[in-house]
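Residue numbers (the working numbering), protein chains in the order written: chain E, 1 to 465; chain H, 1 to 465.
No lab work stands behind these hints, which were simulated from the structure alone.
Please note that a few of the clues may not be correct.
Same chains, same label: a pair holds when it works inside one copy or across any pair of copies.
The calculated EDC-like cross-link candidates involving lysine to aspartate or glutamate, where the alpha carbons are at most 20 Å apart (straight line), are [to be verified]:
(1) K115 with D421
(2) K34 with D363
(3) K413 with D105
(4) K12 with E348
(5) K34 with E283
(6) K114 with D32
(7) K68 with E108
(8) K34 with D284
(9) K322 with E348
(10) K326 with E120
(11) K68 with E329
(12) K34 with D105
(13) K322 with E448
(14) K365 with E316
(15) K114 with D421
Each chain, written out:
Protein chains: 2
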Amino acid sequence: MSTFTTVAAALKGEHATGSQVTVKGWLRSKRDSKAGISFLAVHDGTAFDAIQAVVPSTLDNYESEVLKTGTGCAVVISGELVESQGKGQSVEIQASAVEVVGWVDDAESYPIAKKRHTFEYLRTQAHLRPRTNTFGAITRVRTTLANAIHNYFHDNGFNWINTPIITGSDCEGAGELFRVSTLDMANPPRAEQGGVDFSEDFFHDEAFLTVSGQLEVEAYCLAMSKVYTFGPTFRAENSNTSRHLAEFWMVEPEIAFADLNDDADLAEDLLKHVFTRVLEEREDDMAFFQQRIDKTVIERLQTVIDNNFERMDYTEAVDILKNCGKKFEFPVEWGIDLASEHERFLAEEHVGRPVVLMNYPRDIKAFYMRLNDDEKTVAAMDVLAPGIGEIIGGSQREERLDVLESRMDAQLKEELWWYRDLRRYGTVPHAGFGLGFERLLNYVTGMENVRDAIPYPRTPGNAHF
Amino acid sequence: MSTFTTVAAALKGEHATGSQVTVKGWLRSKRDSKAGISFLAVHDGTAFDAIQAVVPSTLDNYESEVLKTGTGCAVVISGELVESQGKGQSVEIQASAVEVVGWVDDAESYPIAKKRHTFEYLRTQAHLRPRTNTFGAITRVRTTLANAIHNYFHDNGFNWINTPIITGSDCEGAGELFRVSTLDMANPPRAEQGGVDFSEDFFHDEAFLTVSGQLEVEAYCLAMSKVYTFGPTFRAENSNTSRHLAEFWMVEPEIAFADLNDDADLAEDLLKHVFTRVLEEREDDMAFFQQRIDKTVIERLQTVIDNNFERMDYTEAVDILKNCGKKFEFPVEWGIDLASEHERFLAEEHVGRPVVLMNYPRDIKAFYMRLNDDEKTVAAMDVLAPGIGEIIGGSQREERLDVLESRMDAQLKEELWWYRDLRRYGTVPHAGFGLGFERLLNYVTGMENVRDAIPYPRTPGNAHF
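Using the sequences and the hints, build the whole thing.
Here you go:
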């Protein structure tokens, strides 16, 4: 009797040596010794490492099949679990049967057959790259991060709100919008002035992909007290950088009866919690990222976990930056939006741990952020982390109807009638923030390009697969 | 010293009677007695029930504020937690302070002030409806269901894969597509034949909203062994029914080295697990749905939990339907796609518990479903549940390249080159299914219209909020 096991379970010692096991997976590599033994490294996605199967030439299909396998072949291997002779592996399988389930058609053509590929090349093979060491590890860490986020919120009494992806609102101003339509673009129905008659479109009006679920989740916050979104958001910016995706996932919590300090507390607690979970649950993958991608990555997470976040006013930060004696590419004056170089100086050089910058000039921030008593700043915050800069952006929301309306133009007021209702009926102080999930994943893994942090990246010129 | 508590924690007895507590929330109702006492029912979204605060007229702001409050006002109430005199409540608060945080501007205009509203009316107040009993309960049950699904998969070694929302593929054929574009629709760039030149669009080609993440998640399945998607999907069908949304959330697991029976096992195990979690975690909300929405709803879930699902071939089901003596609106012949009346007869009357129908005629099913040896049927399955009909649809996927290609036309082959690659390099038997999340939520709660199962429903003519 052979027990089916995953590679992870076998490597973690969940089966006694001497027991008969069966693993199912794909060959990461194969080596044939002159002594008539083959060594097959089998991965199944459950752990960073493959398990080694030692295959003797005495198997019936050794010559006819085993010798002909190679990287990428799908196999089912049964045998005795034994202590490994090789270094770095606890156990291996002394194979008594090898079934080849799926062959590789022409090994030369297998796009990821060779061991080393650039990340750029692998993006063109998005359907096969999860079979590589790096992207297998990214996939598992992504899953753990997401699960840690969902459970952090669930265990703290938050409701997960699926805010809409398609929205009729084009006014939040967080970025360029994608239009969603079923009209025939070559020959759309025309309005009187020659424009398009969107009343004939699917939604009887113009519709777009959401840039943020914040406004809609606020409505749920003011009913359920603690809520969050975790879903895809979209920006149609023509930015070909390592930090921009046209489609990315965002986490946006929102808490009622809360001010900016509560918001900062939540951000700090969330990050500490999820980083702790990742270090515990994905020790194998994190060891790989540390070794091969970024030597500081575990220390970086541990620093976040172990230290209180510094809280600092924007105004104080500007003074520090002006007086630090450092020459910046972009000069610093009160009123500017800080650049990445400024943020990283503050977090990395000046403080040496995460910093929550608070109370930004009103003129560089969105209309819904709460006006402070000085009337020059709003209760906004950015969480700056060493090694990446801004990782979270949030604010206390303007809960006073008259102040809110004074910062909206006529069109905005009309379109957001329902948002204003929230301040008319039982308004309370509330706050929230946005956390870009792919940037978080890059921070955790040390990967540099967000295109490698999402299974199928969407960027200008690319909606392939 | 007063301890902040949620309504849920107070009602569940997490604080001793006699202790000083503070709750923050909104008034569901208020009653003023002639004896100079007011009874305020405060909800905060954490539990189905509100907590009652008994407010004596001796409070400083009793006349000036407390008497003027009403449904929807935001309050912070402190006082002693005492055993309740009223029926149906374990504890109440003997208030020593009431702070009114947010008033209701003109109670007459508060759109949900009255106790009874139709669900149809409440859809026009999607920003306020979570404050009602019913939609608060739906929100909590939705959260619990989603969390149970994520944790079921996580605890069983599945990776959560965020398949793309925007896709260049228009060929899966699961339904009508929404186009995604940044071109000026009134004046798009023209191709030579007068059509639109999509090479100038954001993605340099036509792009659409996804109808399913299945094909893309298969690629991850064949690397990670067990994966699932849980995200929004889109259908541009002009269907104004209680079962259709233009935007809905779908759960799609995919397992490697698995056949149709493994797929059915997974579906059965998943449903039993999540229904058990909901009954445990949301006892209060489920009691409400049972009492006010559908008297069979708890029994229905318990039936699914307690019984093995019957497995039946399509061909056998057709024989049963033809010979059962019942008159159906749509006549039954081998080869038809079963209608809801047939599915419900099988699950409700013939078997009396969930049925997994398997092996459907190839001609009514998608190209990627595995052809059976009879060459007339494919390894597809539908899970039919009493009270709703089809709740899950899935299949074993065609893993043999030649058979797969024989069911694809030239255009499909070209567009899905990468999908065919998966059969060329280490192909293995694999299977999966799709579970519509809003339909699941309706099944659990007894709600009839999927527009009430998602925070902001998108339907023909409606992308409001």
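**OP:** Since the copies are identical, ignore which copy is meant and state whether K322 and E448 lie within 20 Å (CA to CA) inside a copy, between copies, both or neither.
**Re:** Intra 29 Å, inter 62 Å, cutoff 20 Å: neither.
Original post:
Can you tell me if K34 and D363 fall within 20 Å by alpha carbon in one copy, between copies, both or neither?
Top reply: neither (73 Å within a copy, 53 Å between copies)
Original post:
Is it within, between, both, or neither for K326 and E120, if the alpha carbons may be no more than 20 Å apart?
Top reply: neither (35 Å within a copy, 62 Å between copies)
Original post:
How would you label the pair K114, D421 (within, between, both, or neither) given a Cα cut-off of 20 Å?
Top reply: Cα proximity of K114 and D421: across copies only (17 Å, versus 60 Å in one copy).
Original post:
Checking K114 and D32: alpha-carbon separation at most 20 Å within a copy, between copies, both or neither?
Top reply: Within. Shortest intra-copy distance 17 Å satisfies the 20 Å Cα cut-off; inter-copy 79 Å does not.
Original post:
With identical chains treated as interchangeable, where does the CA-CA distance between K34 and D284 reach 20 Å or less: within a copy, between copies, both, or neither?
Top reply: neither (32 Å within a copy, 69 Å between copies)
**OP:** Using 20 Å as the alpha carbon limit, work out where K322 and E348 are close: within a copy, between copies, both or neither.
**Re:** within (16 Å within a copy, 75 Å between copies)
**OP:** Can you give me the call for K34 and E283, within, between, both or neither, at a CA distance of at most 20 Å?
**Re:** Neither, since 36 Å and 66 Å both go past 20 Å.
Subject >> Alpha-carbon proximity between K68 and E329, which holds within one copy, between copies, both or neither at 20 Å >> reply: Answer is neither; intra-copy 58 Å and inter-copy 58 Å both fail.
Original post:
Within a copy, between copies, both or neither: where do K413 and D105 come within 20 Å Cα-Cα?
Top reply: The answer is between: 17 Å across copies meets 20 Å, while 61 Å in one copy does not.
**OP:** Could you figure out if K34 and D105 sit no more than 20 Å apart (CA to CA) within one copy, between two copies, both or neither?
**Re:** neither (26 Å within a copy, 87 Å between copies)
Original post:
At most 20 Å between C-alpha atoms: does K365 with E316 qualify within a copy, between copies, both, or neither?
Top reply: Within one copy only: 18 Å inside a chain, 65 Å across chains, cut-off 20 Å.
Checked against the numbered hints given earlier, the structure breaks hints 2, 4, 5, 8, 10, 11, 12 and 13 and satisfies all the rest.
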